[in-house]
Each structure stands twice: as C-alpha cells, then as structure tokens.
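Spelled out from the first residue to the last, the chains are:
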Amino acid sequence: MIICKVLGSVWATRKDDALSGVKLMIVRRLEVCNNTETESFVAADFVGAGIGDRVLVATGSSARNACGQADAPIDATIVGIIDELETGMGD
Amino acid sequence: MIICKVLGSVWATRKDDALSGVKLMIVRRLEVCNNTETESFVAADFVGAGIGDRVLVATGSSARNACGQADAPIDATIVGIIDELETGMGD
Amino acid sequence: MIICKVLGSVWATRKDDALSGVKLMIVRRLEVCNNTETESFVAADFVGAGIGDRVLVATGSSARNACGQADAPIDATIVGIIDELETGMGD
Amino acid sequence: MIICKVLGSVWATRKDDALSGVKLMIVRRLEVCNNTETESFVAADFVGAGIGDRVLVATGSSARNACGQADAPIDATIVGIIDELETGMGD
Amino acid sequence: MIICKVLGSVWATRKDDALSGVKLMIVRRLEVCNNTETESFVAADFVGAGIGDRVLVATGSSARNACGQADAPIDATIVGIIDELETGMGD
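Protein chains in written order, with the working numbering: chain A, 107 to 197; chain B, 107 to 197; chain C, 107 to 197; chain D, 107 to 197; chain E, 107 to 197.
To be clear, the hints were calculated from the coordinates, so they are not data collected in a lab. It cannot be assumed that every hint is accurate.
Unchecked claim - One-sided excerpt, in silico: chain A residues whose CB lies under 7 Å from chain B:
id, residue
1, A118
2, R120
3, K121
4, I132
5, G166
6, S167
Stated by the list, open to error - If we take Cβ atoms under 10 Å as the criterion, some of the chain C residues that face chain E in the derived model are:
id, residue
7, A118
8, A149
9, A176
Claimed, not checked - Listed next, the stretches of chain D that the computed footprint assigns to chain A, with coverage defined by at least 3 CB atoms under 8 Å from CB atoms of chain A:
id, stretch
10, 125-135
11, 179-187
All C-beta atoms, glycine included, are put in the ideal place defined by N, C-alpha and C.
With these hints in hand, go ahead and build the complete structure from the sequences.
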C-alpha cells in the first residue's frame with residue numbers, strides 16, 4: 107500500500123456503469139522519508155476519507171478487494187485513514 | 107485510476123482477434139498538481155471519449171472489467187470522461 | 107497497451123516448458139509525443155511482427171490473454187502491428 | 107520480490123474490515139548494488155519483522171498469497187527476513 | 107519479460123512457508139540498447155541459473171505460472187537463460 111494525501115474529488119457523468127455511486131478522490135503519493143509529494147492519481151473511497159487526510163491506498167487487483175465489487179474497473183482504493191506513522195525518523 | 111488527456115487513435119489491421127472492433131485511443135497522463143503531461147500509452151475506449159477530453163483510465167487487470175470481455179488482452183481502459191476536478195488547488 | 111518498436115529476438119535453450127515454441131522479441135517503448143525511445147524488454151509475439159515494426163504491447167496479466175495459454179509465464183505480448191497513429195500532433 | 111529495510115509502523119483506526127489485526131509496516135526499498143535507499147511504502151507483515159530488518163517484500167497480487175486472506179486489499183507483504191545477501195560485489 | 111543479469115543469492119531462514127526450498131536470486135535489469143544496468147530485485151529460479159548469466163525474468167502474476175505453485179507469494183521468476191540476443195544493434 108502507498109501513503110497518500112487526499113487532494114480533492116473527480117466528477118464524471120459519463121462513465122462505466124460499475125463506477126456509479128463510487129466516490130472518486132484525487133490523491134497524491136507522499137514520500138514519508140523526506141516528506142515530499144510525488145505523483146497524483148484517482149482512488150475509489152469506501153472508508154469516508156476527507157480532503158487533507160493521510161490515507162493508505164491499495165493498488166492493482168488488490169484494490170478491487172476493498173470495493174465489494176470484484177468486477178469493477180477500479181485499480182486504486184483508499185483502504186485506511188492514517189492516525190499515526192511511527193518511524194525511527196521522529197515523524 | 108489515472109487522469110489522462112485523449113490525443114488520438116491507433117489503427118492496427120493485424121491484431122489479436124479479441125481486439126476486433128475495440129476503439130483504441132492514444133492517451134497521455136496528466137499530472138494535475140502542476141498541470142504537466144507525462145507518458146503516453148494506448149487505452150481501449152468503451153465510453154465514447156473524444157480527442158482533447160480529460161478521462162479516467164483504469165490499468166492492469168482492472169482494465170478488463172470495463173470491456174465486457176474478461177479475456178481480452180487489454181491493460182488500459184478509459185472508464186470515465188471527467189466533467190470536473192475539485193481540489194484545494196483552485197483547479 | 108504501450109507502443110513499441112521491434113528491435114530483435116531472444117534465444118533461450120534452457121527455459122520454462124510453457125515458453126517452448128513461443129517467439130520472443132526484444133521491443134523498445136516509443137514515446138509518441140516527442141518521438142523518443144525509452145526502456146526495452148521482451149514480449150511474446152503471436153501476430154507475426156517483424157524487426158522495425160511499430161507494435162502494440164499488452165503487459166501484466168492481460169498479456170496472457172493473447173497467448174492461448176493462460177498458464178504461461180508471459181507478462182508482455184505483442185497484440186497488434188500498428189498501421190497508423192492519428193493524433194493532433196501531425197504524426 | 108524487492109529488498110527493503112523496515113522503518114516503522116502505521117496505525118489506522120478507520121480502515122477496510124479485512125485489514126483488522128494486520129500488522130502494517132513502513133518499508134523502504136534498498137538498491138543493493140550501490141547501497142542506496144529509494145521509495146517507501148507500506149507492507150503487511152506476517153513473519154514478525156522488526157524495525158531495521160532487511161526484508162523481502164512481494165508486491166501485487168502475489169502479496170495476497172502470503173496473508174491467508176486471498177480477498178484482503180493488500181498489495182505488498184513482507185515474506186522473509188534476510189539473513190544474508192551473497193553477491194559478486196562483496197556484500 | 108525483462109532481461110537481467112544474475113548477481114547472487116539471498117538467504118532467509120524466517121520466511122513464508124510457500125518459499126521453503128525456493129532458490130532466490132538477486133538479479134539486475136539490463137538495458138540492452140545502451141548496455142547499462144538499472145535496478146536490482148529478487149527472483150525465484152526454477153531453471154538453474156548461475157551468477158553472471160543473462161536471464162529472462164517474468165514479473166507480476168505471470169511469475170507464479172512458472173513455479174508450479176500458483177499460491178506462492180512470488181512476483182518475479184527467472185524463466186529462461188539467454189543464449190543470444192539478436193538485434194539490429196550488432197549485439
């Protein structure tokens with residue numbers, strides 16, 4: 107899973123039927139070692155994340171395991187809202 | 107899913123049978139945080155995207171879930187046409 | 107799918123049994139937006155591509171859908187020979 | 107599999123049900139050829155790794171094979187604790 | 107598949123049960139176009155590769171098709187030992 111920050115949301119009227127009702131968030135990957143932000147992408151959200159939250163995102167086929175719809179065309183899903191990162195780096 | 111811009115289309119007469127009749131579009135990844143364009147690739151289109159549209163693209167095994175043919179050799183599919191991106195960055 | 111140019115072929119006598127008789131081509135990814143070539147890798151070929159051809163390559167689990175052997179250890183397959191790329195960039 | 111160093115752990119109260127009780131560790135990829143550290147991410151741990159350990163991490167759908175829950179939204183798992191790397195580079 | 111050079115081996119006493127008896131090799135990706143070496147990682151070996159060999163490595167879910175254990179947490183496998191690369195580049 108990768109650590110991301112939630113930036114916003116995406117709206118698409120014309121879309122694959124399996125995405126109807128799915129909340130789609132724009133997230134940006136965080137590199138915790140030097141606190142930089144890298145690439146952004148879109149993840150489905152089933153845990154109720156809000157803008158600014160640090161979240162865990164599962165990608166690839168594993169992303170579909172979190173959405174209750176193994177057949178949805180979803181390749182990234184927010185699977186947890188991070189409370190705390192505990193590292194040897196004082197974060 | 108990643109955010110892309112549709113650039114054009116690809117024609118291939120000799121191809122895998124499962125791709126017959128599939129509309130193949132050239133798309134280019136957009137980095138919304140700094141509005142840059144990065145790598146291009148080819149995605150199947152089942153939602154009727156047009157050149158210049160900003161679209162959502164599902165990749166990997168998830169791409170096959172949008173094509174009605176779980177057995178097609180498709181690893182990227184346009185799954186939505188973006189109406190609006192709503193971020194804290196004033197986009 | 108990604109757009110590649112066919113560079114050559116690979117010969118391996120000692121290999122996984124499921125690769126027996128499979129034509130293995132060296133391909134190199136093409137970035138059509140600026141006409142540069144990036145990383146090279148090896149793809150199975152079931153459409154009869156030749157050296158110098160521009161081809162479509164499917165990667166990941168989708169690559170196995172083109173080879174008639176869902177159980178082969180193949181992660182990249184040439185699925186089409188490109189006749190024409192039609193973009194707004196005059197290619 | 108990739109070689110990583112364990113940096114710490116992640117806590118998330120609100121998360122996908124299938125992640126309940128799963129130990130989530132922050133790991134950072136090691137490039138053994140020049141001993142540099144690259145990107146960090148989060149991996150499930152089922153072998154009891156500790157901070158500072160060098161570990162093997164399986165990614166993608168293969169990561170789910172190590173967790174006893176084929177349906178968990180897990181895309182990276184620590185599958186071994188490295189005792190020794192033996193290379194021609196004197197490591 | 108990607109072309110790699112075998113650098114060495116990895117030893118892990120504490121590991122996922124499905125990896126017992128599996129030979130794990132450190133490999134480094136080769137870019138044949140300019141003869142450079144890029145990132146290293148660990149691949150299972152079922153064809154008997156030796157240090158210094160140039161090999162074909164299958165990655166992702168396809169890697170499990172070569173190991174006779176569809177359920178092993180393996181995401182990279184050596185599937186062939188390269189005898190010859192034949193390109194238009196005089197390699």
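Now for the hints, and whether the structure bears them out:
no. : hint    : result
1   : A118    : 4 Å, holds
2   : R120    : 5 Å, holds
3   : K121    : 3 Å, holds
4   : I132    : 6 Å, holds
5   : G166    : 5 Å, holds
6   : S167    : 5 Å, holds
7   : A118    : 4 Å, holds
8   : A149    : 8 Å, holds
9   : A176    : 8 Å, holds
10  : 125-135 : holds (count 4)
11  : 179-187 : holds (count 4)
Of the numbered hints given earlier, the model fails none.
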